[in-house]
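Trainee: Sequences listed follow chains A and B, in order.
Positions in the first sequence are counted from 1; adding 468 to them yields this note's numbering.
Positions in the second sequence are counted from 1; adding 468 to them yields this note's numbering.
Check the hints yourself; a few may be wrong.
Copies of the same chain look alike in the list, so a pair counts if it works inside one copy or between any two.
Claimed, not checked - Pairs of lysine-lysine, BS3-like flavour, derived with a Cα cap of 27 Å:
1. Lys676 <-> Lys598
2. Lys709 <-> Lys720
3. Lys680 <-> Lys506
4. Lys488 <-> Lys701
5. Lys488 <-> Lys692
6. Lys663 <-> Lys676
7. Lys709 <-> Lys506
8. Lys506 <-> Lys676
FYI, nobody ran anything at the bench for these hints, they're computed from the structure.
Protein chains: 2
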Amino acid sequence: MAHQGSSYLDSLLNLESVRKSLVRQEDSIIFSLIERAKYPINSALYEDDDDKISKDDPPAHSSASLFHFFIRESEALQAKAGRYTSPEENAFFPDNLPSPLLPPPDHTPVLHSPGASININEKILNLYLKTLLPLIAADGDNGNYAATAASDLNCLQTLSRRIHFGKFVAEVKFRDAPEDYTPAIRAKDREALMKLLTFESVEEMIKKRVEKKAMIFGQDVDLKENDSNSNYKVDPSIVSKLYGEWVIPLTKSVQVEYLLRRLD
Amino acid sequence: MAHQGSSYLDSLLNLESVRKSLVRQEDSIIFSLIERAKYPINSALYEDDDDKISKDDPPAHSSASLFHFFIRESEALQAKAGRYTSPEENAFFPDNLPSPLLPPPDHTPVLHSPGASININEKILNLYLKTLLPLIAADGDNGNYAATAASDLNCLQTLSRRIHFGKFVAEVKFRDAPEDYTPAIRAKDREALMKLLTFESVEEMIKKRVEKKAMIFGQDVDLKENDSNSNYKVDPSIVSKLYGEWVIPLTKSVQVEYLLRRLD
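Excised from the complex, chain A in its bound form (with noise of 0.2 Å):
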């Protein structure tokens, strides 16, 4: 039962079907988005309020929001079911996250070691609850607090996924040119690093396929022949520009602190 597919883990280490995967995370985290949008943004959810919890309910929810307690437990949850087993999921709150309950697969790793840990959620989480949120959710409070948390999860966990895919994509471009990266990683320059990571007009292309794909997904759908309603469930600049301004650029800073130590 508990091991990998090892053609699911060789499929890590191939350029096109790393590629296939970062195309096809754009539609998860697109549904995940227009999904949160069905919810109003629900601030009582995030507020810190400890004197609202129950007094007779014990230790759970120790401090912080209902949401926090939510991921946290969700992610509890996860690891004991063998979620952060799998290289390409990081936790938003990794210490202390129970053991699997099954035993972990077996499998030869596919990340360098020293690179494989990193995890940048913690500004992934800023970022979605500061800025993301307020864009795609309308004002407003409907008490649905446990599936506005869901969905919240799911965002924070497909928008985690992408951007940390970018050890895989570090690895297979080390591992096809290590002579490239070489220089720039021995002397620690990150911006040379950074310069041999982008390719800016692949970086426009997915940024208007990721528009695209939020007019399509987010369309209000009937049998009529010639839609052309614009009522798109979330705004299609928004997704370009969260791609533009940080899912690219937190991929890219994954993929140089990765290469930084992939000499190690």
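With the hints as your guide, set chain B onto chain A.
Mentor: Same frame as chain A, but now just chain B:
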């Protein structure tokens, strides 16, 4: 904090907004199925085999499959976050759910209480595992059990919400014209009620619409002008069949059962 917006609750008793919600829920269901189809069937997740679970770990996973453990524990966590205080939500494992951490919302019940507790999730779970899943997931095992189970939970919850929405449909229809339903309710005439609730042309339209949505949301989007690919992530005819054979009939059966208790 803990009061649900009354405009939100009012919307559950307005036929136009109930219909809008049902249409919007189609998108959620299709997104969830497309996301589940990313993973292979991963059968080991669903196997009842205790001996594979590490013996050090105490109680949690006391019996059944990792899937059952994950769904049950996820529901317990969501119950703490207040999910089941919403009349829209029904648990798959409703026994012994923990209380919400926050005081439940204080509002006038929307549904007539004898029918409010109708829960056909056992049937939905069986259909999902035995019939739907093998139709949408490819053969194979990639070891990503936690992500797969989280994705299953999302499919189950979107389907369950849609099907149990029959309660609101029935309540609204009954309030609009109690005289139409009362004789059949008093006679406990399921067949007559089913007839009153069946509009074949509307059902055909829904099946066509969800098939179209599955084509639109499940296509591979690229930047070429004329997309004419037919490589859908979930077969659109399966989505149409899902609605025609299960979602619509089960929603109507919830409506019938609800109406039968409407005069109690």
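Trainee: Take the hints in turn and mark each one as holding or not.
Mentor: Now the hints, each set against the structure:
no.: 1; hint: Lys676 <-> Lys598; in the structure: within (24 Å within a copy, 40 Å between copies)
no.: 2; hint: Lys709 <-> Lys720; in the structure: within (16 Å within a copy, 43 Å between copies)
no.: 3; hint: Lys680 <-> Lys506; in the structure: both (20 Å within a copy, 21 Å between copies)
no.: 4; hint: Lys488 <-> Lys701; in the structure: both (25 Å within a copy, 14 Å between copies)
no.: 5; hint: Lys488 <-> Lys692; in the structure: between (33 Å within a copy, 17 Å between copies)
no.: 6; hint: Lys663 <-> Lys676; in the structure: within (22 Å within a copy, 49 Å between copies)
no.: 7; hint: Lys709 <-> Lys506; in the structure: both (20 Å within a copy, 26 Å between copies)
no.: 8; hint: Lys506 <-> Lys676; in the structure: both (24 Å within a copy, 23 Å between copies)
In summary, this structure violates none of the numbered hints.
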